[in-house]
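Asker: Construct the entire structure; sequences and hints are all you get.
Below are the chains, spelled out letter by letter.
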Amino acid sequence: MTGPSPELLVLLALAIPFAGALAVAALGRWPNLREAATLVTGAALFAVVLTLSAAVFGGARPELAGLAVAPGLALAFEVEPLGMLFALVASGLWILNSIYSIGYMRAHDEPRQTTFYVCFALAIGSTIGIAFAQNLFALFLFYEALTLSTFPLVTHKQSPEAMRSGRLYLLLLLGTSMVLFLPAIAITWALSGTLDFTAGSLLAGKASPLVIGALLGLYVFGIGKAAVMPVHFWLPAAMVAPTPVSAFLHAVAVVKAGVFSILKVVVYVFGPDALRIGSAGEWLVWVACASLLLGSLIALRQDNLKARLAYSTVSQLAYVVVGAALATPAALTGAGLQIATHAAAKITLFFCAGAIYVAAHKTQVSELDGIGRRMPITMTAFFVGSLSIIGLPPLGGLWSKWMLGVGAMQADAGWVLGVLMVSSLLSAAYLLPIPVRAFFAPSPEPPSEPVRIQEAPLPCLLALTVTAILSILLFFQAEPIAALLRGVPGAG
Amino acid sequence: MTVLAAQLPALLIVLPLIAAALVALVRSDRVAFAITLAVSLVLPVIAALLLHRALVAGPISYQLGGWSPPWGIEYRIDVLNGFVLMLVSAVAAVAAPYARRSLAAELGDGHATFYAIYLLCLTGLLGVTITGDAFNVFVFLEISSLATYALIAMGRHRRAALAAFQYLIVGTIGATFYVIGVGFLYLLTGTLNLADMAQRLAALPDEQSRAVLTATAFITVGVSLKLALFPLHFWLPKAYTYAPSWAAAFLSATATKVAIYLLVRFFFTVLGVDVVFDRVLLALSLAGMFIASVIAIYESNIKRMMAYSSIAQIGYITLGMALSNKAGLTGALVHLLNHAVTKGTLFLALGAVALRLGSVKLQDLAGLGRRMPLTMGAFSVAAFGIIGTPGTAGFISKWYLATGALEAGEATLAFLIVASSLVSVIYMGRVLEVTWFRPPSPLALQAKDPPLSMLGPIVIFAAASVYLGLDTRGSASIASLAADQLLGARP
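Protein chains in written order, with our numbering: chain L, 1 to 492; chain F, 493 to 983.
To be clear, the hints were calculated from the coordinates, so they are not data collected in a lab.
Please read these numbers as outputs of a predicted model, since none were measured by experiment.
There could be a bad hint or two in this list.
Unchecked claim - Here are the simulated lysine-lysine pairs, DSS-like style, with alpha carbons at most 27 Å apart: (1) LYS940/F / LYS157/L; (2) LYS853/F / LYS157/L; (3) LYS730/F / LYS853/F; (4) LYS362/L / LYS157/L; (5) LYS206/L / LYS818/F; (6) LYS853/F / LYS940/F.
Answerer: Here's what the structure looks like:
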């Protein structure tokens, strides 16, 4: 097959979003053209990533030798299975996220939409940079770029509350990355003399278990985007952002970039063998399990729908971290699967929350009694997303939980399996009441009025339907993803 | 041609000196500016030739008036001061076109003398850097300092004179300390040539070490006053705040850098400083990094905020010196350049703001981002550079400093280096938030980007601060070469 070389594709995938941002900025005066630019960018990006994935599925590892900045610091890219999966998820969902944004922002008549779409494009560009980074420096560069480009999105309303949350967002993410993540990178460099992601461990035999354990801590808490407790505060605070941004934070890019970075560090810097139960990294299993359970418990007590979903994200992200910490073959596969399945499910839930807000102006769970009769499609999608988060068939979420459970057993850690099961029950307890009450509880409005269907604008509805269907597809089509993940060193 | 090439070191000093005399005779602002601009553009070419020769063929020795060292004055250019000469002259060249409009607005017509004084200042700074003679350093130091006092005093704010006077007192004390220190060294060694002095000091018997220590102390304190090492920094915020904007930008990018060069030269080439000095320097650097940054948070005059930020950034450089290993020293030297470019952008952008708004108070800058997008865009890029975001020059410096700290086995220090940049997130974040996310202030509503002669230098500096974060062949590679030479020469 003759086509563009893989190297060119990598370059295109990195360049298209930034070119798109320029186009959006240039077309700011004509909203229809501007939105077209966003959608064209999304489609082109996804097409390129999809073409690239064909090569990666075939076992290739396309590289793009970049700039050697200084000894050890190189802006270089290499597409490996984990990054490929992340790029596929992010670029695919970004199109839906954009369609939804257009419906949402227009329905709300939001100000400063051009800035919004420019930052939106810059953010996905940074995400692709993270996914394809060949070394810790490139990863760190785009990690920071993602924080900075999403700041204007989080503070979009520019109300005092939004600015406060924005400051927390920025300080916590920049702060942890500078004070913990960057020193971790420097220490890695000092110990191993390289920052490249290569199969096997960079640190094997170069540091005592104590140092390894401490370094792992610097990485896990330095990558604040993964929202491992106690550095999760920024995530619930960031819910002041418009709902499309929440979807971007929780599903498409930001938190996923966090757990992706942790997975990447575990697989390519420490090497799976260096962690596992009974080694220096064991503490992480405990911390992640605690984060997993606490997130669910706090979610139970939230009446604000977005806050409940935010804590649910904290809990669900911890699944990925548990998988990374167990570091057995099945656990690593499960962690990768969880990135994909949680993304599809959580974006559906946030789309639904936004749709409810646009169509009915409701934000609290207690206000949603009977709303399913007015918004049947939205609440059905919500139900589907919930089932996937809980991990029930026939939804994609089942597979990631299944593999993580198998991974726990491979590690001889039956108690982790127990934690996962309890957490599933908890997530059922905080999610399922919402669709159940929406469909079956009596509506607080006077019964004399006939019930009218009153759904969100079509773009929103379209987006959330597609993501719900995607969650179902992931149940039936999980094998290609699992096959891709088997290419990750140490996974299986 | 070869005759001219041999005279390049002298030319670098003589050219601005003659131009200064010429400009002093001129009445017309326009002619004065034209001469200044022409000279400023020629100097980096000479400096580049010298640096190139020093890199390729080793140190250049130029005997002034044909008197051979150690009796005559020697200009000696190795990689280190070639790098600093390049830095000073390049900054001067890029910033020069900016002067005309900015000075006309701030000083009014009839400011031709300002150019003459500026050229004298430039002569002094280049002279301090190029010369290999300890007393000649003092002469050039005084030329540049006296010129600096005058530059600051010409600021239109009435406190400018007071700021200049305070700096004059401090600067004179500093120069006196320096001369006393050099006097001690002359007594001990009988020479003023730096290279010669270094050799004789190394051969000195142990009982003389107390005198050397005294000399070191005097020189360190004297030069530290010049470079605004915490806690000898108190003159700097006032001086930069009330000086004309262009002078503030030029001085912040060059004057303190040259003083730091001088300290590096004495510490590493001449004296070979012992551990005690390193620990003191380390502690003061850290204190400066944190305290000055915290003060910056509470400043509402942005020019003064940037001045305190400079003091903190100087702390990074002296910290790298104190580490005195290869990575640390490379970080210090490369930060001379990186900080010059970054802070130059910030001060020049503020000069443009002052031109359009007549104010650099934080509340007046509200919403300015959309009114002066290119100026504030450049300001923001440089702000990220100060914070040390990867992809900017500031990150490169910080990376070298942090790895230098780890190399020295000081993991805590590496943490403190990155933690201090978190403080800069707070003050820079505050400015960026107000300028981009607030509704425009009444003053900002009228503003627009400055004319091209000012915008050009701002954008070039901002672009350089990103470029130097992505391609370090011209910065960190040379700095690490210089660091190698310095550490190799250290007794």
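Asker: Are the hints correct? Go through all of them and say.
Answerer: Here is what the structure says about each hint:
1. For the suggested pair LYS940/F and LYS157/L, the alpha carbons sit about 25 Å apart, so the restraint of at most 27 Å is met.
2. Restraint check: the Cα-Cα separation between LYS853/F and LYS157/L comes to about 25 Å, which is no more than 27 Å; the hinted pair holds.
3. A C-alpha spacing of about 15 Å is found between LYS730/F and LYS853/F, which places the hinted pair at or below 27 Å, so the restraint holds.
4. Distance hint between LYS362/L and LYS157/L is fulfilled; the C-alpha atoms sit about 18 Å from each other, no more than 27 Å.
5. The suggested pairing of LYS206/L with LYS818/F holds, with an alpha-carbon distance near 22 Å, which does not exceed 27 Å.
6. Taken as a hint, the LYS853/F and LYS940/F pair is honoured in the structure, with Cα atoms around 17 Å apart against an allowance of 27 Å.
Of the numbered hints listed earlier, not one is contradicted by the structure.
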